[in-house]
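Using the sequences and the hints given, assemble the complete structure.
Using this note's numbering, you'd call the opening residue of the sequence shown number 34 and step up by one each time.
Misleading hints may appear alongside valid ones.
As the list claims (entries may be wrong) - Pairwise CB distance ranges (calculated):
1. F63 / Q89: 41 to 51 Å
2. F161 / D87: 34 to 44 Å
3. V211 / G83: 48 to 58 Å
4. G131 / Y111: 31 to 41 Å
5. Q89 / V163: 30 to 40 Å
6. A140 / F63: 22 to 32 Å
7. A140 / I208: 15 to 25 Å
8. G131 / E210: 56 to 66 Å
9. I193 / T138: 19 to 29 Å
10. I208 / T138: 47 to 57 Å
Said to hold, decoys possible - DSS-like, lysine-lysine: derived pairs with alpha carbons at most 27 Å apart:
11. K169 / K94
12. K94 / K227
13. K169 / K227
Hints listed in this document are in silico derivations from the structure and should not be mistaken for laboratory results.
Remember, predicted model here, so these are calculated numbers, not experimental data.
Glycine included, every Cβ here is placed at the ideal spot set by N, Cα and C.
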Amino acid sequence: MRQSRRFIKSLISLFFLVGSPAVHSEGVYFGSTISHSETDYGTNLGLSGGATLDDQDMGFKVVGGYRWNSLVSFEAHYTDFGEVSLLMPNGSSVTRGGLVTTNATGATSSTRVETSSFGVSAMLTIPFEVVRPYLKVGVHAWDTSREVGVGSADFFATQIDGADLLRGVGFDAPINEVFFTRLEYEVYDFDDDKISLLSWGVFLNF
34 MRQSRRFIKS LISLFFLVGS PAVHSEGVYF GSTISHSETD YGTNLGLSGG
84 ATLDDQDMGF KVVGGYRWNS LVSFEAHYTD FGEVSLLMPN GSSVTRGGLV
134 TTNATGATSS TRVETSSFGV SAMLTIPFEV VRPYLKVGVH AWDTSREVGV
184 GSADFFATQI DGADLLRGVG FDAPINEVFF TRLEYEVYDF DDDKISLLSW
234 GVFLNF
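Written out as structure tokens, the structure is:
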């Protein structure tokens, strides 16, 4: 797993190495988005006894890109997906796959997981004049910060960190020669789980 993360970091370093000589060219752009994330669990997750799961949150993304030509672009990103949380009153249970966790502590317990990601993507764009729809595919290295209370369940991803695929669709809409806006939907893999991300932001051409 650590080797996968080092591989992703090497790709990102190569991306900036290739893009840096053209920092002032028209092909380079930067931007940021506000995002809404929702977690999808690859293994069935069952809640009983009053356990509740909040698997949606707001986050943000910072992007640097290089437009190779009118059709092909490359991007590097950092994404903060926000937080997912689980609340387990005493006596409640969570079932994930074949594993059942029951809170028998006599008090309410909880789990909080914050997730972030950095990675690189290749994009194929249709260069219409008004909007530029695109498809993207890439790889990302992800990391989680989690607080698992006594008696609570650890419910997201099987590792603390890892490297997986991402894919997405969206469109860019030019505002003027310098700025453009973007609406995008992406899906990021995290082991057997996934996070979908709906983002909107403003970007700056250089």
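Okay, the hints, checked on the actual structure:
{"no.": "1", "hint": "F63 / Q89: 41 to 51 Å", "verdict": "violated (27 Å)"}
{"no.": "2", "hint": "F161 / D87: 34 to 44 Å", "verdict": "holds (39 Å)"}
{"no.": "3", "hint": "V211 / G83: 48 to 58 Å", "verdict": "holds (53 Å)"}
{"no.": "4", "hint": "G131 / Y111: 31 to 41 Å", "verdict": "holds (36 Å)"}
{"no.": "5", "hint": "Q89 / V163: 30 to 40 Å", "verdict": "holds (32 Å)"}
{"no.": "6", "hint": "A140 / F63: 22 to 32 Å", "verdict": "violated (47 Å)"}
{"no.": "7", "hint": "A140 / I208: 15 to 25 Å", "verdict": "violated (53 Å)"}
{"no.": "8", "hint": "G131 / E210: 56 to 66 Å", "verdict": "holds (58 Å)"}
{"no.": "9", "hint": "I193 / T138: 19 to 29 Å", "verdict": "holds (24 Å)"}
{"no.": "10", "hint": "I208 / T138: 47 to 57 Å", "verdict": "holds (54 Å)"}
{"no.": "11", "hint": "K169 / K94", "verdict": "holds (16 Å)"}
{"no.": "12", "hint": "K94 / K227", "verdict": "holds (17 Å)"}
{"no.": "13", "hint": "K169 / K227", "verdict": "holds (17 Å)"}
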